[in-house]
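**Student:** Letter by letter, the chains look like this.
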Amino acid sequence: GIQVEQSPPDLILQEGANSTLRCNFSDSVNNLQWFHQNPWGQLINLFYIPSGTKQNGRLSATTVATERYSLLYISSSQTTDSGVYFCAPRGNSKLTFGKGITLSVRP
Amino acid sequence: SAVISQKPSRDICQRGTSLTIQCQVDSQVTMMFWYRQQPGQSLTLIATANQGSEATYESGFVIDKFPISRPNLTFSTLTVSNMSPEDSSIYLCSVAGSTEQFFGPGTRLTVL
Numbered sequence: 582g583i584q585v586e587q588s589p590p591d592l593i594l595q596e597g598a599n600s601t602l603r604c605n606f607s608d609s610v611n612n613l614q615w616f617h618q619n620p621w622g623q624l625i626n627l628f629y630i631p632s633g634t635k636q637n638g639r640l641s642a643t644t645v646a647t648e649r650y651s652l653l654y655i656s657s658s659q660t661t662d663s664g665v666y667f668c669a670p671r672g673n674s675k676l677t678f679g680k681g682i683t684l685s686v687r688p
Numbered sequence: 266s267a268v269i270s271q272k273p274s275r276d277i278c279q280r281g282t283s284l285t286i287q288c289q290v291d292s293q294v295t296m297m298f299w300y301r302q303q304p305g306q307s308l309t310l311i312a313t314a315n316q317g318s319e320a321t322y323e324s325g326f327v328i329d330k331f332p333i334s335r336p337n338l339t340f341s342t343l344t345v346s347n348m349s350p351e352d353s354s355i356y357l358c359s360v361a362g363s364t365e366q367f368f369g370p371g372t373r374l375t376v377l
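Residue numbers (the numbering used here), protein chains in the order written: chain R, 582 to 688; chain D, 266 to 377.
Simulated from the structure, these hints should not be mistaken for laboratory data. Note that this is a predicted model, so its numbers are computed, not measured. C-beta: ideal position from N, C-alpha, C; glycine also. One thing to keep in mind: the hints can contain errors.
Unchecked claim - Simulated DEER-style distance windows between Cβ atoms:
| id | chain 1 | residue 1 | chain 2 | residue 2 | range |
| --- | --- | --- | --- | --- | --- |
| 1 | R | GLY638 | D | THR364 | 19 to 27 Å |
| 2 | D | CYS278 | R | ARG649 | 37 to 45 Å |
| 3 | R | GLU596 | D | THR321 | 39 to 47 Å |
Next up, chain R with everything else stripped away, as it sits in the complex (with noise of 0.2 Å):
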């Protein structure tokens, strides 16, 4: 099956900071999400982005499916922000979940 691996696993930011979390995945895929996982375990729906370059507010999120990687961009960072990120390729039928980045915002 595809293997994910994110990275940073941990990130600490100070609330208004930028930041980059990266996914790299190792085979083709036609479909890729982004999802936030808040502190009560539930998940968000960020991105749905096979390829390309989408923005929703703060958050904008890029797909190189050529280059097996997508990127995740957080700008002015704030505390609920705060969560685990995961990246979840599908190369059939399922998504595989990478092992999330664990991000902290400090006040």
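Given chain R's structure and the hints, the job is docking chain D onto it.
**Tutor:** Chain D alone, transformed into the frame defined by chain R:
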């Protein structure tokens, strides 16, 4: 996007007992999935719940331990059988939309 609810939201159970988790979706969906998230870990797919046929289990998961029902296109249950402390996890139901997958709020299970 689909609205997914799960019951119970959390439970504390004794080892050797079983717990059935319910997943309800606000629209008809073809594909439903059950995931497990062990403490501090990522999500692992347990099985795909198929309407009208047996669930399809991933490697390492068996029907005797995790029986699944899918009586219609909006509902599914996952049972965690003969529980041990190693089964303490968050169990999440998920559905496939036309492009994205969506997840329920999860059931946080603690086994003593």
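**Student:** For each hint given before, does the structure comply? Return the numbers of the non-compliant ones in rising order.
**Tutor:** Structure breaks no hint.
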